[in-house]
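Enquirer: From just these sequences and the hints, can you work out the full model?
Protein sequence lines correspond, in order, to chains A and B.
No gaps in the numbering here: position 156 of the first sequence is 225 in this note's numbering, and each next residue is one more.
No gaps in the numbering here: position 253 of the second sequence is 322 in this note's numbering, and each next residue is one more.
Read the hints as simulated data drawn from the structure, not as lab findings.
Owing to the predicted nature of the structure, the values given are computational and were not obtained by experimental measurement.
Some clues are possibly wrong.
Each pair may be met inside one copy or between any two copies, as identical chains are not told apart.
[Unchecked claim] Computed cross-link-like contacts, DSS-like style, restricted to lysine-lysine with a CA-CA straight-line distance of at most 27 Å: (1) K277 - K415; (2) K415 - K273; (3) K330 - K211; (4) K342 - K330.
There are 2 protein chains.
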Amino acid sequence: MLEPSLMKIALDAMGGDFAPEAPIMGAIHALRVFSDIQLILVGTEPTIKEIFYKKGGNAVEQRVEFLHASQVISMEDPAIESVRHKRDSSISKCVELVKNGKADAVVSAGNTGAVVAAATIFLRTLPGISRAGIASVIPTEKNPFILIDSGAIIDATPENLLDFGIMGSIYSKKILGVAHPRVGLLSIGTENIKGNELTRGAFKLLSKTHLNFVGNIEGRDLFENPVDVVVCDGFVGNVVLKTSESVATAIVRWLKREFSKNPVRILGALLAKGAFESVRKKTNYEEYGGALLLGIRGTCIIAHGSSTPKAICNAIRVAREALIQNVNHVIIEEIKTHHELIECQKSSSLPVA
Amino acid sequence: MLEPSLMKIALDAMGGDFAPEAPIMGAIHALRVFSDIQLILVGTEPTIKEIFYKKGGNAVEQRVEFLHASQVISMEDPAIESVRHKRDSSISKCVELVKNGKADAVVSAGNTGAVVAAATIFLRTLPGISRAGIASVIPTEKNPFILIDSGAIIDATPENLLDFGIMGSIYSKKILGVAHPRVGLLSIGTENIKGNELTRGAFKLLSKTHLNFVGNIEGRDLFENPVDVVVCDGFVGNVVLKTSESVATAIVRWLKREFSKNPVRILGALLAKGAFESVRKKTNYEEYGGALLLGIRGTCIIAHGSSTPKAICNAIRVAREALIQNVNHVIIEEIKTHHELIECQKSSSLPVA
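Expert: Here it is, written out as structure tokens:
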């Protein structure tokens with residue numbers, strides 16, 4: 070029986086490339102670090118129990134429950150169909166725990182599309198929000214920025230992008246501690262008129278908010294002159310996220326290969342090893358702990374598909390912080406305030422009778 | 070009077086951040102390297118003539134003509150409007166030289182949107198092609214790949230993406246010498262059904278071609294497991310192009326800063342300097358000479374906005390190669406063949422009477 074005063078987080082023990090070992094090891098570590106959380110491990114019960122105790126779970130077992138799920142949604146399964154048909158999957162059961170008030174948050178490193186679908190279908194969106202967006206934390210040399218949406222909505226509307234701007238700004242304030250987050254709209258030119266139909270529409274809507282909206286930004290600004298929140302649709306966001314990872318990995322690997330080309334360079338590389346290590350550490354996705362699915366009635370963290378125990382532990386940390394900061398409550402309030410502002414602007418521009 | 074047997078290339082002497090010096094110095098260098106070309110330098114005649122002779126143009130003046138243009142389209146000017154209203158701009162005059170058969174190709178490092186607009190309005194598209202696309206050459210550790218479209222069309226159709234696949238494949242074969250270019254469609258998942266409405270439509274069309282179409286690719290594949298031709302719409306392509314440049318620059322700069330943090334690392338960096346230099350050389354846009362605008366009745370090279378003399382010289386080299394390889398003729402033939410193939414497929418699937 071779990072302690073009612075502690076935060077309860079449901080963890081998909083079957084999600085990710087290294088499941089169930091990595092999620093379970095990450096869970097044990099998180100329970101050691103955070104004394105104010107409890108975890109419900111969801112998956113094939115005999116298997117996950119065995120691993121849990123083998124990996125030294127005894128010490129934290131008072132704050133753990135197990136929930137059996139007879140099905141697993143694979144990384145290749147189609148998102149919506151698998152959520153509809155595999156009702157006994159670990160992802161669906163995790164989300165249902167939140168729906169039924171038995172958990173406060175869910176963490177999964179499983180099929181992203183399925184997690185988004187399950188959260189949207191079972192939990193529904195927050196009042197005033199029509200679609201949820203994935204907010205990923207992207208590292209830069211100075212401060213990380215939020216990329217929203219990095220893959221939840223493929224065909225977004227300007228209104229969705231407006232919501233993303235508002236929600237991303239709250240994330241930046243509440244979780245990353247940025248006082249006045251600068252919000253940029255990802256486009257292909259900095260002038261207002263640049264972009265496609267979607268971004269031109271979103272530009273107009275974002276301009277009318279209370280946000281610290283800096284206007285359009287380009288791909289070149291992302292890492293050269295970063296803002297705090299980058300708003301885009303899920304197709305573009307997903308491409309940007311994966312392209313950035315790919316370029317960074319390729320450049321470092323390439324440099325390392327060049328470094329090994331002759332004895333002098335090898336010596337140089339040895340002496341300068343700490344430099345690579347330092348960049349690797351700051352760009353390591355494991356540190357950022359997964360993306361928050363913003364806009365749903367519940368707290369849902371989507372961890373990286375190849376999450377290690379450390380990454381899972383950090384994803385649990387993000388869930389915990391989102392609960393402590395009451396991010397959803399702030400979103401509901403801000404969205405309400407925004408709509409009141411728009412109504413007020415409208416009525417003040419009405420012709421005098 | 071220019072020699073009729075030589076290729077004639079119109080160069081926008083006013084285009085780019087370092088104009089007119091950089092274009093003129095690049096022109097002089099190209100004339101020295103390529104004995105089979107002639108150049109028409111278009112811009113403020115007294116100024117460009119003066120710079121030309123000051124920079125040592127005497128030696129190659131037999132293969133140069135000057136054409137006065139009283140107007141300049143700036144980088145900030147709106148594309149279509151400025152082409153329509155500044156009929157005496159260097160960009161418009163360059164393109165008109167091609168239209169009137171007085172030049173075979175045009176090279177400009179000026180306002181990309183204006184160059185695309187001028188080429189499309191004055192030259193029109195090739196038979197069977199409805200919209201032109203910008204084909205950029207992107208370096209990787211192994212071979213460079215073609216990214217098409219990197220910014221010509223903002224709201225593309227599946228048919229446009231089909232044309233880009235066919236044209237990109239020809240570019241890869243004819244200019245980069247790849248025997249069977251692998252063509253990938255940039256999307257957000259490798260399965261056929263993944264992507265947005267545009268890419269799902271394009272996937273179907275590309276599957277029916279004779280191309281070596283490998284299906285959907287993701288941002289993560291771009292530099293990890295590169296194909297030869299990456300097809301996408303101009304919005305996504307432009308974001309990818311600029312994001313990649315930005316990440317690469319940021320990572321290298323960050324590493325360099327880490328290298329300078331203590332004396333041991335500084336020594337290491339000195340010993341391994343060649344490694345950085347080697348990567349810098351291979352990723353340097355100056356080497357790639359600008360992007361080819363494919364699909365118009367004429368040969369048009371869009372050079373990088375911050376083109377140096379070397380970049381301009383290489384852009385002229387690309388124009389020369391496109392002319393020698395008769396890229397447009399091959400495109401017309403391939404598009405015809407493709408439509409015949411589709412007709413043939415249709416008639417063979419008709420019910421037997």
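Enquirer: Does each hint fit the structure? Answer for all of them.
Expert: Here is how each hint holds up against the structure:
no.: 1; hint: K277 - K415; result: within (11 Å within a copy, 52 Å between copies)
no.: 2; hint: K415 - K273; result: within (15 Å within a copy, 46 Å between copies)
no.: 3; hint: K330 - K211; result: between (31 Å within a copy, 16 Å between copies)
no.: 4; hint: K342 - K330; result: both (16 Å within a copy, 12 Å between copies)
Comparing the model with each earlier hint shows no violations; every hint is respected.
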